[in-house]
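Protein sequences, first through last, are from chains A and B. One gets our numbering by counting positions in the first sequence from 1 and adding 1370 to each. One gets our numbering by counting positions in the second sequence from 1 and adding 28 to each.
Errors might be hidden in some of the hints.
Partial selection, computed: residues in chain A whose CB lies under 7 Å from chain B [stated by the list, open to error]: (1) S1456; (2) Q1514; (3) T1516; (4) I1625; (5) L1629; (6) L1636; (7) R1640; (8) L1644.
Quick caveat, the hints were computed from the structure, so don't treat them as lab data. None of the values given here were measured: they were computed from a predicted structure. Even glycine gets a Cβ: it sits at the ideal position worked out from N, Cα and C.
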Amino acid sequence: MSPFSSGLPGVLQDAGLVLGLFMSLTIGSYLIRDNFLARLGQYVLIGAGLGYLAVLVWRNVLWPRLFAPLIADPLSWQSPTGSDLSNLWLPILLGVLMWGGGLELLRLPPDRFAGRVLLRLLAAAPAAILGGVVLGVAVSGAVQGTLWPLLAAALQLPQAEAVAAAPGPADSGRAAWLVRLLTLLITGGVLIHLQNGPIAGEKENRTSPSRASSPQEADAGAGGRPNLYRMLILTLLRVWEGIGRRALWLAAGIIFARLVASRFSLALARLDYLLFELPRSDLWQLLWALLRGGGS
Amino acid sequence: METGSPLAAFDCPHCGYSNPAASQFCVHCGTNLARRQPPPAPAGESADEPNDLAAAQETAPPRPGVASEGRKPSAGSTDPGAPRTRPHGSSEAEEATGETGKEKPEPDAVRPGPSLGGLGGLLEPADPLAFIASDAGALDPTRDPSTALSGELTTDEEERRQLRQLFSEDLPLPVGARPATTSDTEETARNGNGLQRQFWLEMVLLLGMVGALLWGGQLPPGGAGPHPLPGLEQVHRQIDTLPPNSLVLVNWAYDPATAGEMDLVAKPLIEHLLQRQAKLIVFSQLPGGPATARRVIASAEESLQRPSRTQITANLVIEAGYLPGGAASLPLLGVAPARALPVDPGWVELRERFSIAALGETGPALSLVIAARAEDVRRWLEQVQPLNGGPVVAATSAVAGPAVRPYLHSGQLAGLVSGWDGGAVYVRRLDRARGAAEQGRSLRLASGQNWGVAILILALLLGNLAGLNQRRYR
């Protein structure tokens, strides 16, 4: 177990509850207006969070996985092998380069800090590696984990790696075609709406008034394609876009409903903690007894 | 030239996020902000800014802390179609000198053509319909090709921007990053007086919830409880069929910020896993995750009502700690979990080391992702699940549920529990008696949800009626 698992004495746990009450009230006072206590609560929270993160990274990552193997006794099981040495020294080197690039944040005057440009150039190497790796991982992951499996599921292509879902009812095959058609219809409609908005005739008329003296002429276009063909295409696109727009708002309504449920849960949990859990703690009982005793 | 304070910011026209003034791209969605800003003043109009500097600002990235003159948004615009790009940190005195006047976009200014403007599906919209509707199409020199790229948002674009913002928002914004509201009377008149009553609505909601908590738990439980959404039964089946000592890899992707909701979802699943004597290897990519996991697991053990709970923890739960690196560190977890897990050998007992080594050889019998954001489930399904191929079940917040559900239908997720309602239904399926305190708390929370939703629906109805009435009198 980690050193963080040792737990706290009961009194300290109760003190945490009372401190939580204080922090909740200070930050909650933002509901009334932006005030000093609300800001103080935020700053304490951010500072404590950053301090905790620093300790966690040192004790959970930097020391056990980087520094301890480097300085370990060569005969110890913790000592690194040859390949591990490159795995350990390379991160240190890149990290130091990154820290060097961050020296600029110390606000040193440029004329007294001649190597600033060099440090920035050197820091670009780890930043580029980091950015490239993240981008590569994200793009390949999006293709193998989202784009292809969801597309395959929509088209019902066989997926070797897909986990077998629960078997559906007997007539699910027939319903699947309807679902696929709806998926295609709604996805296309939403894409058309997000790409072009309420489209077609209005935008066309708005952008090219000088090239057509009448809507019929505008529909005909310079190439003289038949009116019927163009009007049919535009009408279909308008209808499709309208379906997409309504589906989008329907989905937005569903997400909003779940968002409300989610936020209500958070608020209720905090209120429940203040109204029921906190008064049960020993420290609160003690404080309450002291207050009542002092008042009498 | 120094313009405004370094803290100056403006809202992204694509997602509404408040960005620092020197940003070229939106921090949240990656939209090219430089293109959305008005072009720099023409040469000769500004006496204190050389022409070459203005040209350089078009091409060179901005220096930290120095806001680009050409990118500074216009303030105080009352045009409903104008972009909401106000410098929050700009001084009033600066505006009074009329500096903003010379930053208005010139109609004849050269605008950039359509190009790739960002990542993640945020490409600037082209206009393929122009090729259908007109033979000349977008290649016509008389047509303005950058209608969608100019700094002006039409009403339709604004509506779509709001939609994108709604779909992209998973977590509450921190207080300092709340989208700026304005006291402009014209905007208030446009949006209606309801915005001024937001404070009272919040107070009524708060009082309603307090009332529900105080008195809702004393009411007799009646009516229909929460309904199970699809996916819950599959989760129960997956866990229920686990043989004892199965290795379960748990990605704890929430921290105290969302614990109020997520604890209700996570605790029943952890309890069920402990009931089945599964061996949990718990890690988190959030700094506050391991501590949150420890607290919830301890609480789940208490619910088990067994004599030796400490022994259960020592045998069944391995704390793998904090795994930094975000999505980039996940592929290694899929290929070689024993190497990727941030376990300090000094803290782990010998038999637990064998369990972790076995995880590398056989893979987990089940992966459980407990996430407040859909992003974390998606990352797992993109980076880990295709590599180890094991079954994955997810427990998410209510708002993340709809975004994750397509993965359930595609078969990538073997089960899904979302929201407080999912947690409440799952608790009822556990094979144990619930205490009076637990039942009372469940009843209180359900009452609070019902009262809150009722107040919100009432406010929506009254607001719409008031709006219709106001429109009739206009």
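Inset, instruction - Tell me, in ascending order, the numbers of any earlier hints that this structure violates. - result: Violated hints: 1 and 8; rest satisfied.
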